[in-house]
Amino acid sequence: MNGYNFAYLDEQTKRMIRRALLKAVAIPGYQVPFGGREMPMPYGWGTGGVQLTASILGADDILKVIDQGADDTTNAVSIRHFFQRVAGVETTTATTAADVIQTRHRIPETPLRSGQILVFQVPIPEPLRFIEPSEQETRLMHALEEYGVMHVKLYEDIARYGHIATTYAYPVKVDGRYVMDPSPIPKFDNPKLDGNPALMLFGAGREKRLYAIPPYTRVESLDFEDHPFEIQRWEHSCALCGSDHSYLDEVITDDKGGRMFVCSDTDYCQTRRGEVA
Amino acid sequence: MHSMTNARPRLTVSGLHKQFLLHGQGGLEIDVMRDLSLTLHAGECLVLAGRSGIGKSTLLKMLHGDYCIDQGRIRLHFDDGTLDLETLPAYAWHGLRRDVIGYVSQFLRVVPRVAAVDVVMEPLLARGADEQDARQRAETLLARLNLPERLWQLPPGTFSGGEQQRVNIARGFIGEHPLLLLDEPTASLDATNRDVVIALIGEAKARGAAMLGIFHDEDVRDRVADRLLPLDDSLGARASFTRDVQETLS
Amino acid sequence: MKKPALERPVLLDVQDITRLYGPAKGCEAIDFQLHAGEVLGIVGESGSGKSTLLRVLAGLEAPDAGRVVYRRHAGEDVLDRDEAELDLYAIGEAQRRALLRLEWGLVHQNPRDGLRMGVSAGANIGERLMAQGQRHYGQLRETGQAWMRQVELDAGRIDDAPRTFSGGMQQRLQIARTLVTRPRLVFMDEPTGGLDVSVQARLLDMLRTLVRSLGLSVVLVTHDLAVARLLAHRLMVMRRGQVVETGLTDQILDDPQHEYTQLLVSSVLTP
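Residue numbers (my numbering), protein chains in the order written: chain A, 1 to 277; chain B, 1 to 250; chain C, 1 to 271.
Isolated chain A (complex conformation):
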């Protein structure tokens, strides 16, 4: 690859981002501003995650990229190809084989291990934004732990739908201190945030914020005593691998209302089918 520095970003930028990441790791759940660069892709396509990945990627690392759990969707394929070209790193679809996993909206079903890094693409990093438009005010609210409004949102859910209807980007409290938006992962994945052996990094390109959950950090999903946090359950099992405990996508199979439920995590599903077969 000629004409580009390793992993696209220049070394100074990577250093700047890594410094911000160190701060983020030191203050779990705290949003650190960083000098976001223009990337060769539109905002909303993972520019935040890509910059984080670019900053931490080493030549020997093996990279996996998923979008909604799948390795073979446009976004995942594009980013994987991007890093193949600008960093020349080895890529994989196997969760267990990867050193760095960039993800959009899922946490792999296969448990992560110590030493792995999960990089999330984040559209809106500020969990208080929905109720407080002022950035100055939300920063103050974080600083002073004024988090009553988070429960206002959950209250509204129950008042309107009879249960907490937030199903993705479900707010969490990290290490008993900062309230954090875990990015639009399904709340099904929230329990995986808690005490995870892997390092989890979050990058928001448009808003130029990054934050982190260090390994083995306590992460609680907000709830009410009489409406405790619950994850989604399906009546079905995966039509392909038969899994009855993974996050399922509903797939329309024809024009006559035919449909099936399959694992959203393609690697997990394929691995299971290999085992099953």
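Derived from the structure by calculation, the hints contain no laboratory data. Please read all numbers here as calculations on a predicted model, not as lab measurements. Note that CB positions come from ideal geometry on N, CA and C, so glycine has one too. Each statement offered as a hint is correct.
Examples of chain C residues toward chain A, derived with CB under 8 Å: (1) A94; (2) R97; (3) R116; (4) V119; (5) S120; (6) A123; (7) E127; (8) M130; (9) R135; (10) L140.
Chain A is already provided as a structure; the job is to place chains B and C on it using the hints.
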């Protein structure tokens, strides 16, 4: 001699002056009272006499904190000491009015749209009385004052003058204050209700209330006054402690 | 008969507060004490500095000079472990905001400034409780309904957004939202301003009842002397940033001493 002159008074007023300075009228000064002194005992009704405009209402308003006390002393006497009203801080008046000094004025001033019965019971609620008890006492008083029951739940704003005054009287008497200021409580009442008010005053005396009143109706005055305090155009007034009512009226 | 207990502990000690935006713009050298259980009215015309003063008192705007000291009293406070005396602008912002959120309340003239218009009435009332750490939805809802009834709102509308309420209803909702944590000290900025006269009357009565039943101490800013007469025990008259006269409400209105107060009182239309 009056039977109570030797007892310790409840109220003593001495050397009271009142002057209004009207800045808007080029600094016009109006003297309305000069060197007024009086003594009032528990269980006694002292009636202020004199032509209208002589300052009878002014005195009541000074005793109620509505008017500043420019000069002179107003003292309330209690078993355990004396309270000087001319030096009483403004924040303390609220409690004093709630617990000690009651006022029945000629005019009703209430929050619009509040029911008559609620207007009457408010002084009790202000002391933290039970709402049911307070309501019952308010209704008893309104019934006694012959206010038709259909009016009790209506705001008095639209009532006739006499009806409003009866609401006001009920509100004034319900608190059973030890010092009551009565500013023409019978002015627009018919004979029946005048009798009720006279009876209420009698009951207040019996329980030891000290009362200072203005009554233009001579018949009422004769029936409630233990003593008269004539105010005259010299602007000064002194209660005659030795003259009894008959002497004063003659 | 015993002497009545008239002494009331000082809740707010305001010492020589100055906050000026320009000559005679703002408030200057304001000194007073608010006693527990007292409703203090601050009256004056627009531009007299009363709203600036309220903002300083309520912890929203630091004064150029002077102190606002809030005195808690032992035995009557859930936060006994905290200091008995708080200098509003000497304590940290975190403590000040917590005080404003938990022990004090502020009722804005425009309910839109005090409400979250996008969330339901119930969530509006419950917010301060949730901020205090209440995490039981059922209880929050019960409390919300009880408060709606207390401020004469239809409890059946607990899930409706405030924007579907009339101005008077919104104001009552704001009051419920503010009083739900039973603050000891409440600041009110023209609470009945901008409302129809008929709606005002009902609100005034409600405020009087709440002040009495909750034992609130209130600093009330109003330009309406009739409102001041009905709500305030004591008045402070302001003009060009300064206090020209203070006293018992009836005395200020019936026997005003200062030239300006006399003008103000005599300018009121009485139907």
